[in-house]
Each structure stands twice: as C-alpha cells, then as structure tokens.
Amino acid sequence: MSTLALLVVLLCLGFGLTVIFGLGFLAFHRPRLKGPIMVSLTATMALLALLAWVTQAGALTEGAGPGHPVAPTVWTGR
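Its first residue numbered 6, the sequence shown is counted upward by one per residue in the working numbering.
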C-alpha cells in the first residue's frame with residue numbers, strides 16, 4: 006500500500022472514530038434516543054466496511070502482476 010493510501014486510511018479511521026464516539030455520546034446523553042450501543046456499533050460496521058473496501062482496492066492496484074516486478078525472497082539458510 007502506498008504512503009498516500011495509508012494516510013487516507015488513517016485519516017478516515019480518525020474521522021470515523023470521532024463520529025462514532027460523537028454518536029455514542031449523543032445517544033447516551035439523550036434518553037429518548039434508544040440503543041446507544043447499537044448506534045455506535047452500526048457506525049463502526051459502516052466504517053470498517055468502508056476501510057476494507059479502500060484497503061482492498063489499494064491492494065489490488067499494487068503487487069505482482071503483469072508489468073509489476075516480483076519482490077525477491079531472501080533465504081537465510083537456517
């Protein structure tokens with residue numbers, strides 16, 4: 006994964022965690038909003054799905070394939 010893609014993933018993760026904690030805080034302090042844990046878990050699952058999609062797309066664009074060199078394997082002889 007490239008440095009730019011890793012930076013995007015980390016920024017999405019930081020922003021997503023802020024939103025998740027904000028939703029949990031809001032749902033916890035407003036009794037009429039039921040299920041603060043469910044709200045936070047739903048947001049967490051959506052964030053993980055987005056991050057899995059982004060990292061999978063980044064993994065597919067790099068690596069061994071036509072036009073890409075294969076990294077040499079080092080054998081230590083132990």
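Just so you know, these hints were derived from the structure itself, not from any lab.
There's no promise every hint is true.
Said to hold, decoys possible - Simulated restraints, written as ranges between beta carbons of each label pair:
id: 1; residue 1: 40; residue 2: 62; range: 27 to 35 Å
id: 2; residue 1: 10; residue 2: 36; range: 39 to 47 Å
id: 3; residue 1: 8; residue 2: 42; range: 17 to 25 Å
id: 4; residue 1: 31; residue 2: 55; range: 14 to 22 Å
id: 5; residue 1: 36; residue 2: 7; range: 41 to 49 Å
id: 6; residue 1: 60; residue 2: 34; range: 31 to 39 Å
id: 7; residue 1: 9; residue 2: 36; range: 41 to 49 Å
Treat the numbers as computed from the prediction; the structure is a model and nothing was measured.
Backbone N, C-alpha and C fix where the C-beta goes; we use that ideal spot for every residue, glycine too.
Using the Cβ atoms, figure out if residue 8 sits within 17 to 25 Å of residue 42.
-> This hint is violated: roughly 36 Å between Cβ atoms.
Is it true that residue 40 and residue 62 lie within 27 to 35 Å of each other by Cβ?
-> About 32 Å separates the Cβ atoms of residue 40 and residue 62, which means 27 to 35 Å holds.
With 14 to 22 Å as the target window, see if residue 31 and residue 55 comply at their CB atoms.
-> Distance hint for residue 31, residue 55 holds at roughly 21 Å.
Using the Cβ atoms, figure out if residue 60 sits within 31 to 39 Å of residue 34.
-> Holds: the Cβ-Cβ distance is about 34 Å, inside 31 to 39 Å.
When you take the CB atoms of residue 10 and residue 36, is the distance between them in 39 to 47 Å?
-> 42 Å, holds
Note whether the CB distance of residue 9 and residue 36 lies within 41 to 49 Å or breaks it.
-> 44 Å, holds
Holds or violated: 41 to 49 Å for the Cβ distance of residue 36 and residue 7?
-> Holds: the Cβ-Cβ distance is about 46 Å, inside 41 to 49 Å.
In the structure shown, a violation is registered for the earlier hint numbered 3 alone.
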